Every structure is written in structure tokens, then in C-alpha cells.
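Visitor: Place chain B on chain A using the hints.
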Amino acid sequence: DTAVSQTPKYLVTQMGNDKSIKCEQNLGHDTMYWYKQDSKKFLKIMFSYNNKELIINETVPNRFSPKSPDKAHLNLHINSLELGDSAVYFCASSQGPSGVNYGYTFGSGTRLTVV
Amino acid sequence: DQQVKQNSPSLSVQEGRISILNCDYTNSMFDYFLWYKKYPAEGPTFLISISSIKDKNEDGRFTVFLNKSAKHLSLHIVPSQPGDSAVYFCAASGHTGNQFYFGTGTSLTVIP
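Chains as they are written, first to last, in our numbering: chain A, 12 to 126; chain B, 631 to 742.
None of these hints come from the bench; they were simulated from the model.
Incorrect hints may have been included.
To be verified - Part of the chain A face toward chain B, derived, beta carbon under 10 angstroms:
| hint | residue |
| --- | --- |
| 1 | PRO19 |
| 2 | LEU22 |
| 3 | PHE53 |
| 4 | SER59 |
| 5 | LYS63 |
| 6 | PHE75 |
| 7 | THR116 |
Claimed, not checked - No more than 30 angstroms apart at the CA atoms, straight line, and that leaves these computed lysine-lysine pairs for BS3-like:
| hint | chain 1 | residue 1 | chain 2 | residue 2 |
| --- | --- | --- | --- | --- |
| 8 | A | LYS55 | B | LYS635 |
| 9 | B | LYS698 | A | LYS30 |
| 10 | A | LYS47 | B | LYS635 |
Claimed, not checked - Residues of chain A placed beyond 10 angstroms of chain B at every Cβ, according to the derived structure:
| hint | residue |
| --- | --- |
| 11 | SER31 |
| 12 | THR42 |
| 13 | ASN61 |
| 14 | PRO72 |
| 15 | ASN73 |
| 16 | LEU94 |
| 17 | GLY95 |
| 18 | SER119 |
Every value quoted in this text rests on a predicted model; they were computed, and no experiment measured them.
For every residue, glycine included, the Cβ atom is placed at its ideal position computed from N, Cα and C.
Chain A on its own, in the form it takes in the complex (with noise of 0.2 angstroms):
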């Protein structure tokens, strides 16, 4: 009865190849995220889907692809994936597009380690 779920939790592959993080939630919030946590602990947002549609899109290389199928998915894909490419990867949703009232539901994360 997760909230929020990703898989999978570690992922280790080599530069060039393409792989895919996925995430559900089954809080039927309207808001779902990607968060990447850079080795100096650094969180930021890579992208937010309301309703499947795209409002934010920061400035993420376009090797980084998401997918939302419905309001209760949103799958990360990554093209080439390079070194700098290694991170812990969260998603979160929220009810609305605003995180303010009850703030965010994190997954665990998913460890991507690029060799």
C-alpha cells in the first residue's frame, strides 16, 4: 500500500546505454515530479506533470524524457546516459499543482549509478 513507488530502487549500467525509472502513486493526486539528489545532496526538480500535461520542464538535457500514460504515472526515461548522469532520482506528487498545504509525497528514490 505504498503512496508513492518507483522501480527500481538501484539501477546500475553502463555510459550509452538507455534506461527507464518508473513511477506510480495511488493517492490520486493530480501532481507528480521528478526530483534528482546530485552527490553534494543537491534536490532539484527536473519536471512536474499536472493532469499528464508538462508545466514544468527546468533545464534538464533532452536525453531526459518523461512520460505520464495517466494522472497516476510518470516514468522517467533517459537516452545515453552518461557519468554525471549518477543520482539518487525521486519522484513525489502532490494534490494540485501546489506543493504548499501538505507538501510533497516522496518516493524512495532510485539510486542510479552510471559506470
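Guide: Here is chain B on its own, set in the frame of chain A:
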């Protein structure tokens, strides 16, 4: 450019005493501020929020103070408990609340 900063990467406090975690921001347009708590191998968990129209918000043992003129907020935990040991992130957003900027976190250790 990091708009939200937590300059203390770690803090140790005795059980029962007060823990004070600090956060500074640079953008005077920020209206909403949140604190999250994170245990290892888990995602951050929402803890408490405050909007810019207030200078204090309390929830049980947790109190957040906002000083808009100084662009500073702090989280007070009293009394501190060993289960409070975690990394605490502050986050700030403009009036839409749809994009939060996070600090780098402060690792709190509460010593029994």
C-alpha cells in the same frame, strides 16, 4: 545558483534538549516554506510548512519561525528524541507553490 541554503551540514543534540535547524534563502519572492525529514534509503517526508504571512507555525514538538526581513527560517524541535535523527531539508516556493527549491539538508543526530 542555489536559492535556498542550509549552511550547517550536521548537528548533534542531547536527547531532551532543543534542536535548531537553520535555513537561508535569497529570493524575496518566496512565499511558502516547507521542512522535510529524510531517513536513509527513504524519500523525504513532509514535516511542517509556513507561509510568508506568518512568522511562526507550530505542530506538536515542531515549530517553524520565519524572519522575512532576514530571509531566514528555522525549525525548532523540542524536546529532541533519538527518533528525530534524520536529514532535514528546507524548501521554498513562490506564490504558485508548484516549484519548490530545496536546501542541501542538515543531518541531525540526537544522542540518547
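Visitor: Run every hint past the structure and note whether it holds.
Guide: Status of each hint after checking the structure:
Violation of the interface hint for PRO19 (chain A) is found here, the shortest Cβ-Cβ separation to chain B being roughly 13 angstroms, above the 10 angstroms cut-off. Evaluation of the LEU22 (chain A) hint against chain B yields a violated restraint, the C-beta minimum of about 15 angstroms exceeding 10 angstroms. A least Cβ separation of about 5 angstroms between PHE53 (chain A) and chain B falls short of the 10 angstroms threshold, and the interface hint therefore holds. The restraint placing SER59 (chain A) at the interface with chain B holds, with a minimum CB-CB distance near 6 angstroms, inside the 10 angstroms limit.
The restraint placing LYS63 (chain A) at the interface with chain B is violated, with a minimum CB-CB distance near 15 angstroms, outside the 10 angstroms limit. Violation of the interface hint for PHE75 (chain A) is found here, the shortest Cβ-Cβ separation to chain B being roughly 17 angstroms, above the 10 angstroms cut-off. A hinted interface residue such as THR116 (chain A) counts as satisfied when its beta carbon comes closer than 10 angstroms to some beta carbon of chain B; here the least separation is about 7 angstroms, so the hint holds. The straight-line distance between the Cα atoms of LYS55 (chain A) and LYS635 (chain B) is roughly 13 angstroms, inside the 30 angstroms bound, and the hint therefore holds.
Proximity of LYS698 (chain B) to LYS30 (chain A) is assessed by CA-CA distance (about 43 angstroms); at most 30 angstroms being required, the pair is judged violated. With a C-alpha separation of about 17 angstroms, the suggested pairing of LYS47 (chain A) with LYS635 (chain B) holds against the 30 angstroms cut-off. Remark: the non-interface label on SER31 (chain A) is consistent with the geometry, its nearest Cβ contact in chain B lying 19 angstroms away (cut-off 10 angstroms). For THR42 (chain A), the condition that its CB be more than 10 angstroms from all CB atoms of chain B is violated, with the nearest at approximately 7 angstroms.
The beta carbon of ASN61 (chain A) is not kept farther than 10 angstroms from every beta carbon of chain B, the shortest such distance being approximately 8 angstroms. Even its closest Cβ contact with chain B, about 19 angstroms, leaves PRO72 (chain A) beyond 10 angstroms, as expected for a residue assigned away from the interface. ASN73 (chain A), annotated as away from the interface, keeps every beta carbon of chain B farther than 10 angstroms; the closest lies near 20 angstroms. Residue placement check: LEU94 (chain A) keeps its beta carbon more than 10 angstroms from all beta carbons of chain B (closest about 21 angstroms).
Once the 10 angstroms rule is applied to beta carbons, GLY95 (chain A) is consistent with being away from chain B; the minimum gap is 18 angstroms. SER119 (chain A), annotated as away from the interface, has a beta carbon of chain B within 10 angstroms; the closest lies near 5 angstroms.
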